[in-house]
Every structure is written in structure tokens, then in C-alpha cells.
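Position one of the sequence shown corresponds to residue 1 (the UniProt record's numbering), numbered consecutively onward.
FRET-style restraints, in silico, Cβ to Cβ:
1) Trp106 x Leu202: 38 to 46 Å
2) Gly135 x Glu70: 13 to 21 Å
3) Ala227 x Leu185: 17 to 25 Å
4) Asp92 x Leu136: 30 to 38 Å
5) Leu136 x Arg100: 42 to 50 Å
6) Pro137 x Val56: 23 to 31 Å
7) Glu72 x Leu174: 30 to 38 Å
8) Glu70 x Pro102: 38 to 46 Å
9) Pro102 x Leu185: 33 to 41 Å
Hint data in this document are derived by calculation from the structure and do not stem from the laboratory. Idealized CB from N, CA, C, for every residue including glycine.
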Amino acid sequence: MEIFVLAFFALGYLVLAGADIGVGMVLPYLGRTAAERREVIAAIAPFFLGNEVWLVATAGVLAGLFPELEGELLSGNYTVVVTLVLSWVVRDMGLWLRGRLPGPGWQTFWDGAIVAGSWGLALSWGALLCHVLVGLPPALVVGALVVAAVFATHGLAFAALRLRGTLRERAAVLSGGSGEGRTYLLTAAALTAVGVLAGLRLPLEPGTSGPVLVPVILTLIPLLVAAQGWVWWTFRHRVTGPSYL
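Work out the full structure: start from the sequences and follow the hints.
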């Protein structure tokens with residue numbers, strides 16, 4: 001049961017947060033002007049914080065139910081993990097701070113932080129997953145780029161589902177016009193497959209706290225899913241203008 005709990009949160013994060021990471025990666029392509037970039041960011045504004053809850057939950061489950069595995073992953077991938085966390089902070093700083101002042105220089109700087117942080121997240125996750133899957137340093141660069149490309153395509157499909165007009169046309173460049181839903185499902189399946197394959201390579205030996213923590217986590221999962229579903233239902237319509245960010 002512990003393994004399924006970890007897989008639920010980890011795969012949920014890859015699919016859900018992979019969309020807003022991908023949108024951040026392709027922000028310069030989708031938004032050619034400051035106004036367009038603000039509208040593109042509005043496509044992910046209601047979701048990115050909720051999506052990050054899945055990563056926090058994954059880390060908590062890993063520490064609580066698989067303490068030995070947590071130590072192995074952190075000690076064996078210290079540079080990648082630090083880069084991932086820093087990229088996460090930089091990306092979120094860009095999202096929160098870009099709209100705090102009206103100057104174009106200020107907004108451009110933080111838009112750059114969003115892009116850099118998103119690429120850092122995608123490449124870090126790609127390197128971490130490929131390290132688990134392959135373990136050969138020469139393959140990490142290629143693998144990280146391939147996973148990052150899946151993130152970017154996932155983001156384009158999500159943006160096409162959320163945006164309108166010219167912005168939607170740009171986002172749907174790889175989806176064949178109106179095939180963004182199909183593309184989103186395909187990239188979600190690809191991210192899920194990579195996550196599952198990486199999980200099968202991990203030494204998933206639960207610790208001793210499972211009988212205590214698992215019932216608590218299972219009680220909280222329906223609340224998390226319900227909250228996520230409410231957010232998606234509330235913001236199911238296409239973006240019509242800029243957001244609070």
C-alpha cells in the first residue's frame with residue numbers, strides 16, 4: 001500500500017505540475033508582448049500552487065514511509081536536487097513578483113525568471129529520472145533534454161486548452177489544430193510512463209511507520225482530490241484576460 005501511495009502523489013505531480021512547468025518553458029514563444037505573456041501566465045495562475053501540493057505530499061510520503069530511499073536519492077543526486085529546489089524558488093518568485101511593479105524592465109526580468117526556473121525544473125526532473133532509469137552520466141544530458149521536451153509539449157497542449165485566439169493557435173502548433181486534448185493525454189501518459197519505469201527501478205522498501213501513517217494519508221487523499229477537482233471545475237473556462245499575477 002505504501003508504494004501505491006507514493007506513486008499516486010509522485011505521478012500526480014508529474015502530470016499536473018508538468019503542465020504549468022511546460023507553459024513557463026515556452027512562455028517566450030507563446031507571449032510575444034508583455035500583455036500576451038500576462039495572459040499566458042493567467043492560464044496557469046489558478047493551478048500552480050495546488051499542483052505544488054502534490055510535490056510537498058510526495059516529499060512527505062518519501063520521508064515518512066521510505067526514509068532509506070529518501071536518503072539514497074538525496075545523497076546520490078545532491079546537485080540535481082539543489083538545482084531543482086532553486087529552480088522551483090526562482091520560478092515561483094517570477095510568478096509572484098512580475099506584477100508587483102508596472103515597469104516593463106521589472107516585468108521582463110521576472111518573466112525571464114519564470115522561463116529559467118521552468119527550464120531548470122524540467123531539466124532537473126529529467127536528470128533525476130534518467131539517473132534512476134539509466135544511471136550512466138553520459139545519458140543524463142540526453143535523457144534530461146528528452147524529458148524536458150515532453151514537459152514543454154505537455155505545457156503547449158495545456159495552454160491550447162486554456163487560451164483563445166492567436167495564443168491558442170500558437171500553443172496548438174504540435175496538436176494539429178484542435179487536437180490539444182489528445183496531445184495533453186499523450187504527454188500525460190508519457191510522463192506517467194517515465195515515472196512508473198523510474199519507480200520500478202527504485203529500492204522501494206517501506207519503513208516501520210507505514211501502519212500509522214498510511215491510514216492518515218488515505219483519509220486525506222479524498223480531500224486533496226476533491227480540492228483539486230473543485231479548482232479545475234471552477235476555472236474550467238478558457239482565459240479571457242490577465243490574472244492577479
